[in-house]
Amino acid sequence: MRLRSAIKLASTALTLAALTLTAQPAGAADTVDPVADAKAFKKFFTDKFPKVKLDDFVNGPYSMNEDMHRQWEEKEQFPPYEFSLEMGKEMFSKPFKNGKSYEDCFPNKGIGIRQNYPYFDEKEGKVITLELALNRCRETNGEPPFSYVRDEMAALTAYMAFTSRGKPFDIKIPNDPRALEAYQKGKEYFYTRRGQLNFSCATCHVQSPGERIRAEVLAPALGILNAMPIYRSEWSGMGTTSRRFTTCNSQIRGVPLTPQDDEYRNVEYYLSYVSNGLPISGPGARP
Amino acid sequence: MRNRILKTALPLLLLVAGATCVLAEGSEADFKAAYAAAEAANKEAGSLRNQWTTTAATLATAKKSADAGEFDKATASAKEAEALAKASIFQATSEKERWKDMEIR
Chain U
1 MRLRSAIKLA STALTLAALT LTAQPAGAAD TVDPVADAKA FKKFFTDKFP
51 KVKLDDFVNG PYSMNEDMHR QWEEKEQFPP YEFSLEMGKE MFSKPFKNGK
101 SYEDCFPNKG IGIRQNYPYF DEKEGKVITL ELALNRCRET NGEPPFSYVR
151 DEMAALTAYM AFTSRGKPFD IKIPNDPRAL EAYQKGKEYF YTRRGQLNFS
201 CATCHVQSPG ERIRAEVLAP ALGILNAMPI YRSEWSGMGT TSRRFTTCNS
251 QIRGVPLTPQ DDEYRNVEYY LSYVSNGLPI SGPGARP
Chain Y
1001 MRNRILKTAL PLLLLVAGAT CVLAEGSEAD FKAAYAAAEA ANKEAGSLRN
1051 QWTTTAATLA TAKKSADAGE FDKATASAKE AEALAKASIF QATSEKERWK
1101 DMEIR
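First to last, the protein sequences are chains U and Y. Counted from 1, the first sequence has number 144 at position 144 by the numbering used here; the numbering is strictly sequential. Counting from 1 along the second sequence, just add 1000 to a position and that's the residue number in the numbering used here.
Here chain U stands alone, though its shape is the one from the complex:
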């Protein structure tokens, strides 16, 4: 009887130990570790494209092969985003009706700070993108907000990106569980399939960069936001990050969310963070 009890006890203990051991890796897999994510993200792309220098990923499809790279170099002689850059510079320095200007809303008067956006605002508990900060600046100073997908917003962000060219993305995740949650939600959005075509952001920009989708060469996700805003020949005009996200959604037959909804802010936070260290190259030009 004693032996039977001892066997029962031992087998229960073994079962419990086995359960604990099997539960641990699953729990570990669900741990949010942005540093490890960013490392794995960079490794994935540098392994996939061993000939592409790390900093070159910010040139999107133009980094994918030599012919495309030559096209880009030629384009940069007379960049198609130049008109937008000039417009942005003029808009940025023009005071609002109350006499203040964009300079008053940003650190370092808004010059050379693009690499720090988006950031997590601990007071608000949310991600603040550059586009959102610009419109909040306008509204605080009694001006109507700009559309997030039109030329004015593209021009302002183009100018601000230009003043940060070459500076490495430096996105911080503060020691705040809400910041980590925003990052994780952004990651989830990036990998989640949606739309009738059942595509996620990763379907094109992780699984298929360098491949063609119709006439377009798909850009790698690494460094994809460093070049924003972009002039796209397909659009015959400039496009903001908001425009890029919403058109991606509609191209896969998903109803886009409203620009600067939490999901878009979070995915921008995630994508920018995993590209930390890569230089800002915006405004960019794309086919």
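Think of the hints as simulated: they come from the structure by calculation, not from any bench. A portion of the hints provided could be inaccurate.
[To be verified] The calculated lysine-lysine pairs, modelled on BS3-like cross-linking and capped at a C-alpha distance of 30 Å, are: (1) Lys1096/Y - Lys185/U; (2) Lys43/U - Lys1100/Y; (3) Lys1096/Y - Lys126/U; (4) Lys1100/Y - Lys185/U; (5) Lys97/U - Lys109/U; (6) Lys126/U - Lys1100/Y; (7) Lys42/U - Lys1100/Y; (8) Lys109/U - Lys123/U; (9) Lys167/U - Lys100/U; (10) Lys39/U - Lys1100/Y; (11) Lys75/U - Lys51/U; (12) Lys48/U - Lys1063/Y; (13) Lys1096/Y - Lys43/U; (14) Lys1032/Y - Lys42/U.
[Claimed, not checked] Under 10 Å between C-beta atoms, here's a sample of chain Y residues computed to sit facing chain U: (15) Trp1052; (16) Asp1067; (17) Arg1105.
[Stated by the list, open to error] Only some residues are given here: those of chain Y computed to face chain U with a beta carbon under 7 Å: (18) Leu1048; (19) Asn1050; (20) Thr1053; (21) Trp1099.
Note that CB positions come from ideal geometry on N, CA and C, so glycine has one too.
Given chain U, put chain Y in place with the hints provided.
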């Protein structure tokens, strides 16, 4: 003789007209039920932040056919819209865990 023919034909004509009306009304009711079901499913997809553009387009086609009095066509489109909306709900639900399969680790 003519009166007798009229007396016999008139009830028949009324019967046919009545039956047509009943059929048309039934068809409109079918459309309304199918459209309401499709709208409800699409609303649920909206709460999951995963509506499809094709659902909205098919709902619009259904409405257009109904406005033109083509209720059979309208009902078919509404049912198609409901199927699309349900597929988008399934996608959103299954992706809650499946997104991890694609993650770079």
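Cross-check of the supplied hints:
1. Lys1096/Y - Lys185/U: Since the Cα atoms of Lys1096/Y and Lys185/U sit roughly 11 Å apart, the hinted pair holds (cutoff 30 Å).
2. Lys43/U - Lys1100/Y: holds, 18 Å
3. Lys1096/Y - Lys126/U: holds, 22 Å
4. Lys1100/Y - Lys185/U: Given pair Lys1100/Y, Lys185/U holds - Cα atoms ~12 Å apart, limit 30 Å.
5. Lys97/U - Lys109/U: holds, 18 Å
6. Lys126/U - Lys1100/Y: holds, 24 Å
7. Lys42/U - Lys1100/Y: Distance of about 18 Å is within 30 Å: holds.
8. Lys109/U - Lys123/U: Holds. Lys109/U to Lys123/U sits at ~22 Å (cutoff 30 Å).
9. Lys167/U - Lys100/U: holds, 27 Å
10. Lys39/U - Lys1100/Y: holds, 17 Å
11. Lys75/U - Lys51/U: holds, 22 Å
12. Lys48/U - Lys1063/Y: violated, 49 Å
13. Lys1096/Y - Lys43/U: OK: Lys1096/Y and Lys43/U at ~26 Å, within 30 Å.
14. Lys1032/Y - Lys42/U: At roughly 53 Å apart (the allowed maximum being 30 Å), Lys42/U and Lys1032/Y break the hint.
15. Trp1052: holds, 5 Å
16. Asp1067: Violated: closest Cβ of chain U sits about 23 Å from Asp1067/Y, beyond 10 Å.
17. Arg1105: Check passed: Cβ of Arg1105/Y comes within 6 Å of chain U, closer than 10 Å.
18. Leu1048: violated, 10 Å
19. Asn1050: holds, 5 Å
20. Thr1053: Nearest chain U Cβ about 5 Å off; hint holds.
21. Trp1099: holds, 4 Å
Consistency with the previously given hints fails for numbers 12, 14, 16 and 18, ordered from lowest to highest.
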